[in-house]
Each structure stands twice: as C-alpha cells, then as structure tokens.
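Those sequence lines, one after another, are chains Y and V.
0 is the number of the first residue of the first sequence in numbering that gives the first Met the number 0; add one for each residue after it.
0 is the number of the first residue of the second sequence in numbering that gives the first Met the number 0; add one for each residue after it.
Just so you know, these hints were derived from the structure itself, not from any lab.
Among the hints, erroneous ones may be present.
[Stated by the list, open to error] Derived pair list, reagent style DSS-like, types lysine-lysine, alpha-carbon separation capped at 27 Å: (1) V/K103 / V/K193; (2) Y/K46 / V/K294; (3) Y/K46 / V/K506; (4) V/K391 / V/K294; (5) V/K452 / Y/K46; (6) V/K391 / V/K321; (7) Y/K46 / V/K103; (8) V/K222 / V/K506; (9) Y/K46 / V/K121; (10) V/K414 / Y/K46; (11) Y/K46 / V/K200; (12) V/K222 / V/K121.
[To be verified] Estimated spans, in silico, between C-beta atoms of each pair: (13) Y/R55 / V/V37: 43 to 49 Å; (14) Y/S127 / V/Q273: 34 to 40 Å; (15) V/T375 / Y/V65: 51 to 57 Å; (16) V/E276 / Y/D32: 50 to 56 Å; (17) Y/D32 / V/T163: 51 to 57 Å.
[What the hints assert, rightly or not] Derived coverage of chain V by chain Y (criterion: at least 3 residues anywhere in the stretch with Cβ under 8 Å from a Cβ of chain Y; other residues may be distant): (18) 121-127; (19) 165-173; (20) 190-198; (21) 266-274; (22) 324-333; (23) 338-348.
Values in this document were obtained by computation on a predicted structure and should not be read as measured data.
No residue lacks a Cβ here, since even glycine has one placed at the ideal position from N, Cα and C.
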Amino acid sequence: MRRLSALPAVLLVIVTGSFFLMRLAPGGPFDMDRALPEAVRLNIEAKYHLDEPLPRRYLRYLGDVVRGDFGPSFRYPDRTVNELIALGFPVSLTLGLCALAFALVVGGAAGVVAGIRHNRWVDHLTMSLALGGVSVPNFVLGPLLILAFALGLGWLPVAGWGSWRHLVLPTITLGVFYTAYVARLSRAGMLEVILQDFVRTARAKGVREAAVVTRHALPNAVLPVVSYLGPAAASALTGSVVVETIFGIPGVGRYFVQSALNRDYTMVLGTVVFYSMLLVAFNLIVDCLYAYLDPRVTY
Amino acid sequence: MTRFGRLGSAVVAGVGVLLAGAGLAPGQEQIFRINNMVEPESLDPGVVTGVPEHRIISNLFEGLTTTDPNDLSPRPGMAARWTVSKDGLVYTFHLRDAAWTDGKKVTAHDFVYAWERVLNPKTGAKYAQQLYYLKNGEDYNKGKVTDFGQVGVKALDDKTLQVTLRCPTAYFLDLTSFYTLYPVPKWVIEAHGKDWVKPGKLASNGPFKLASWVPQRELVLEKNPAHWDAGTVKLQKVVFIPTDDVNTAYKQFLAGDSDWIPTVPPAQIDAARQRPEYYVTPYLGTYYFRFNVTKPPFSDVRVRKALSMAVDREALTKFVTKAGEVPTSSFVPAGMRGYEGPRGLAFDPAAAKKLLAEAGFPEGKGFPKTELLYNTLELHRVITQAVQQMWKESLGIQVDLANVEWKVYLARQSKLDFHLSRAGWIGDYVDPNTFLDMWITGGGNNQTGWSNKRYDELIARAGCGIVDPRERMKALHDAERILVVDETPIMPLFTYVNKGMLSRKVKGWYPNILDQHPLKHISIER
Chain Y
0 MRRLSALPAV
10 LLVIVTGSFF
20 LMRLAPGGPF
30 DMDRALPEAV
40 RLNIEAKYHL
50 DEPLPRRYLR
60 YLGDVVRGDF
70 GPSFRYPDRT
80 VNELIALGFP
90 VSLTLGLCAL
100 AFALVVGGAA
110 GVVAGIRHNR
120 WVDHLTMSLA
130 LGGVSVPNFV
140 LGPLLILAFA
150 LGLGWLPVAG
160 WGSWRHLVLP
170 TITLGVFYTA
180 YVARLSRAGM
190 LEVILQDFVR
200 TARAKGVREA
210 AVVTRHALPN
220 AVLPVVSYLG
230 PAAASALTGS
240 VVVETIFGIP
250 GVGRYFVQSA
260 LNRDYTMVLG
270 TVVFYSMLLV
280 AFNLIVDCLY
290 AYLDPRVTY
Chain V
0 MTRFGRLGSA
10 VVAGVGVLLA
20 GAGLAPGQEQ
30 IFRINNMVEP
40 ESLDPGVVTG
50 VPEHRIISNL
60 FEGLTTTDPN
70 DLSPRPGMAA
80 RWTVSKDGLV
90 YTFHLRDAAW
100 TDGKKVTAHD
110 FVYAWERVLN
120 PKTGAKYAQQ
130 LYYLKNGEDY
140 NKGKVTDFGQ
150 VGVKALDDKT
160 LQVTLRCPTA
170 YFLDLTSFYT
180 LYPVPKWVIE
190 AHGKDWVKPG
200 KLASNGPFKL
210 ASWVPQRELV
220 LEKNPAHWDA
230 GTVKLQKVVF
240 IPTDDVNTAY
250 KQFLAGDSDW
260 IPTVPPAQID
270 AARQRPEYYV
280 TPYLGTYYFR
290 FNVTKPPFSD
300 VRVRKALSMA
310 VDREALTKFV
320 TKAGEVPTSS
330 FVPAGMRGYE
340 GPRGLAFDPA
350 AAKKLLAEAG
360 FPEGKGFPKT
370 ELLYNTLELH
380 RVITQAVQQM
390 WKESLGIQVD
400 LANVEWKVYL
410 ARQSKLDFHL
420 SRAGWIGDYV
430 DPNTFLDMWI
440 TGGGNNQTGW
450 SNKRYDELIA
460 RAGCGIVDPR
470 ERMKALHDAE
480 RILVVDETPI
490 MPLFTYVNKG
500 MLSRKVKGWY
510 PNILDQHPLK
520 HISIER
C-alpha cells in the first residue's frame, strides 16, 4: 500500500521533468524546412496555447493529465494523444507478450536442461547461443531475419501487421535478448537448487528424477526468472521501439521516437507518462507474484 | 524469390475470388499499392503541407483545376471552364455538375468556405500563404481585415466563383490544383469537428473515396463511381503503406508487397540501378550550401565565389551521390516552361585560388576556423565530406563539419548560427518564382543575411506589375544572375532527382518534375 501511495509523487516528478526537458531541446513542433510567415506562426502558437508563459502551460498540462487527457497531437492534428496510444498499445502489448512468452518457453526450457546437464555439451551449446543472443542487437538481427525468411525463402511477410505471420519475425527479434537472459537465469537457479539438501533428500527418498526436477527443484529455480519478469516486461514493451520501426508495426514505440524527433510535445509527454505508469504497474505485479511464490517475502 | 512468387500469386488469386463478384477476372484486379514512406499527418486539405499527404489527398479531393499527368499543366477539374480578365486580376470559374460522396452538390460556396477556413487565423493553417495571392488574403490571415467580404473570392451563384487577385499571377491556375485550395464540406466539418476526415464521416469530391484508415498500418482508397470523370478511372482500390524505415520499404517492394516506392536507400543505389523497375527523373529541387554573409570570412564575395568555384560538381554527382543527379551552379532547375536561367560559376580551381588570395588568404593561409552545418543523414555526410576534401585540395583550407539533429539544424539556420550550411529547396509550383522570391531582403527562407536592392526590385516587379510573360521571365532571369553569378550568397550543387522503384505492371504513370502521378490515369496490366 505504501508503494501505491508513492505513485502520484513518482508520476509528478516524471511529468515535470519531461515537460521542462522537452522545452530545453532546440527547435519546436512547427519548425519546418519552409519558414512560416510570422502571422501564420503566431496563429498556430495561439491555437495550441504555445504563446502562453511556460508556468501557465505547465499547470494547464498538469490539470489535463490529472483528468486523463494528454491533449491533441501536434503532428497529427486530426487525432488526440489518447487516441493514438489507444490504437498503438494493443499492438505493442501483443508483440511484447509474444516476445516474453517466447523467451520464457524457449529460454526457460533451455536453461533448465542446461542446468541439469551441467558442463555437458548441451550446456555449452545453450550458453554459447545465449551469449550470442544477448550480444546481437535487434537492429542487426531484424534485417537479417527479413533477408533470410521473407526475401530469401519467402515464408513470411517482410513487414506489416494483421496476421500471425506478421508476428513471427518481430517476436523472435524482440525476444532473443530476453530468451538468452532467461536461459542464463534459469540455468543458474537450477544449479543452485539442485545441490541443496531438500533435493538430495527427495532423491534419497527414491523420487523419480523427472518429479524431482518438476516438483521440487523447478519452483525454486524460477524465482530469479520471476523477479526478472517485471523489468523484462517493461523493457519488452518500451524496447519494441526499434523492432516496430524495422517491421513497420503500428505500435506506441514508433510514435515515441518520431514524436521526440518532431518535438511533438504532447505526444512525447503522453507516451512518457504512459510508459512510466506501465513500468510502475509491472513492478507491482512482480512484487505480488514474488510474495506468492516465496512465503518468506512480505511487504 | 520463386517461392514468394507462388505465394504471391496464391494471395492474388484469393483476392481475385473476392473481386469476382465485381465482375473482374482474376489477374486483372485493379489494385495499386503505394509505399507512402510515412503516416500522413492529416487528410484535411486545409491543414497539410507534405508530399505524402499530397499523394493521398489529391486523389480524394479535386480543386477547380486538375493537372495533366504528363507535363502537370492545368486541366479542367471542378471548374469546367474559366475566363480571365485582361489585366490578369479577375478569374471567373464556371463549375460543372459534380457531387460530394454523400450526394450533396459541389457549389461555389464550398470553395468560399474552404478558403475562408484556410485564411482564418483561428484555423492556424500552415500553408495559408498559398492564398495570399487573393486580394486582402494576407491581411485577413494577419487579422488586419476582419470582414471576409473584402477578400477576393465570391460565389456569384451556386455554379460561378469569382476570384480577384492582388497581382497578376501567371501560375494561379497551377495553384488551384493544389490541396490548400480544395473545397471542403462545411456540413461534415461542423457535424464532426476534427474527426471529419475519418472513414465513414469524410465526404470528398475526387475520383477516389476513403475506404479505411488505420494509422501506421494502411490507408485504403476506393474508386468513387459518382465522380464526374469516373469513366477515366481504372483503379478499383489504392493501398497506401506507411513504412517509414526505408530499408524495410525497399525489401517490401522486392518481395512484391508494394508496386511503387518513391525512394531508394542510398546504400542500395548501385544494386537498384541494375533492376528494370528503377527509375530516375529530374526533380523540381536544388541541393545547395548557404553562406552566412553577415560573418567573416563569407561577408567577402570573393571568398564565397572561391569556395563555389573550387567544387567539382560533375565529380560530386558521378562518384558520390550516384543516382543521376544533375550538376548545376544555378539555382532554378532546368525544365521550367518558358524560362531560361543564367549559367552560374563554372568549376575553375585556378581562378578560385586567385580569388582567395585576393581576399587575403593566399594558399588558404590565415583562413579562419569555419564550420559546415548539416542535418544528420548519410547522404549529407558523404556530400559534405567530399566537398570538404575538394576545398582542402584546391584551396588549402580546412572547413570542419558539424552534424546536428533536424530540428536543431532548422533552429540554428534560422538564427544565422552557422558559417556554411547545407540546404535543399523543393519548388511549390512550376514557376521560377518559387525558387527566387525566397531570397528577398528579410525573406523567411533567405537565412543567409544577404540583401540586394536591385534583386528585391526585380522580384517585386516579376511578382506584381509585369503582365507580359516574356518580360516577366526576363526580370526573373536577371534576378537569378545576381544570385548565382554576381553575389553568390549560396552555392548550388545539383538538381535533385526523383528515384524510386515502379512495378512494370503499372501503366499510365508518367515521369515528371514534381513526381506527381494522378491515380485516375493509372492502371494495372500484366
């Protein structure tokens, strides 16, 4: 509960910080390569209240945010920031969850197997792959996958959104990093647990090896993975920025980058606040999950 | 590739089955897929300023005139015919029978409403200056005139629109085909506010209507069967894909997912040129460097000339930009109807050296530290590096390169916070004026600090005062001579080209200087 009550203060700091930082960047939302006539520039600034003093604009914005209104997008005058986030978020969420699921299933399985077959060839192979997965940046992997599977083999579309086939390559591109990380974490967790007394006891009692692993070792071995899940989920959602651009996916991440470059003040702030709320929410969820899995932890 | 071909034809066959109800045999479906490179900012003709928006809106709506797909000259649109008064000031447009997609008739009042909306200060329209040609248009936008009745546009009746200009404007009929001057449906805007451009609400009057629009995913236009010229229109459906990553867009084209991309990634130029789908044509745009003439050393015209004459533009376009750009040292691109420009400074390293010595920097000795500003982009990086090298070799001077992000670049340029800066200018209409009136004293796009009284006079006379077209072109020619031969506040480098990839099944697509391709003339043939 104490964490929940700190939430508004955290968000206030974020909103305030990004509001003023944004203004420090040179250039404005309506600067183009064609200079606007003075009269036109003034008309536009009046329309978006950019002619008001900064403190007043800040208070106006704060009031709007409290009401849940992020204002109109400067770049897309037909649309509000709320509307664009509402359109983009389900897409980013789908992509992020798929990448995480991919990471948990593939990474988790590989890590557990590697842990059990400690120092055998399976272990060395998975850990080398994991090292590769952590090291290859997604702006290299994405185009490579497109070249191989979309242009070369023609199995999957190059880019776009709309069916499961559009989802495969972005999921892998985004998920590889987390897969590798999860593999290392679950391997380490498994190694630690498998040497402990209660596992030896279970074995001594004649429990079958499969049951030892699934019933006794696994629940304890996944704890580090679970605590990684919160940051991973948040980072998969915010980190899809590059992947969304490479694969032409209509998610929030694309707006995030473009709006910063365009000085689309309202859109930048909207996405920043939205992402912050996500981050906080995910950390909360993980804390709850942790308390459930490990009875020693209380808040 | 062959695998994809089979898959592609399976998809096409599927679409063909869907279209069979519309009476089309499979393999002949008239669908054109354009990679538009970016999500359109808006579909509101009064608000937009960009080229990607133009590709969509110019097919959704129709102005008083339309453009010829070949040479872009004005053709009748909503106006079936028009008359122009002898002094070139009063245009009377007679509208044809035409309807909005919701069934309402298109009237002269729709134009008056649309133009008032663009000029109204409250709208905050960025392209309001496209209507400054009207009598009192500028003053209304600035709030100096508040009664729109005094602005030069009137509906004499439902079918007759009378336009009074401030000055004779040779290219006014080109402007009436531009989106800022399109009519808009008052009743839809009043009913839905900013949502009026969304599918299901938008009423338009062009050869196509809006079928669907999912931001960052796709926008689909359908043929408008009620359009007055629907007989000409062959395409049933046009899909706009907003892929903004140029490498991905290029791969989508190669995979057959789009029929046209209006650009090619710089790194792929060599490969693209080997393919039959590649096209390249001159563009109405000039790539150039600005000098800041308010600061030494570039306040000295000899230094400006020396730097300009030391650049081998032939080599630059042949070995650096490589896409077929046309080297030039004058500012107005070739190919303007009725205009012959002056020749700018020729490449002459020896003369350049001499000029620099006269200015007090023999062999480049004592040349102060200067910086060439450019916005971060691969193409600008290689060009500025090449020019930097040429200056070093032939003049012995070291100019540093400074790359900054786009908005920072714009801000620094408009504050004259630079020595040299790279720039590009794309014309708004096919007339030399769009390249020359920007250099008048204090012009918003001048951004060099340069000022020349004679130049200002010539531009003013060409803009207002001379009615005879040939005399007007002469005045513009003389002005350009001052700009690129006598004074050189800028150094032009080359004329931009349109480069892109077009599927060979697309017909009715003509290369032209603005890279505009009215969809109503396009068809798909195998």
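Quiz item: Which earlier hints turn out false for this structure, listed by number in ascending order?
Solution: Those not satisfied are hints 2, 3, 5, 7, 12, 13, 15, 16, 17, 19, 21, 22, 23.
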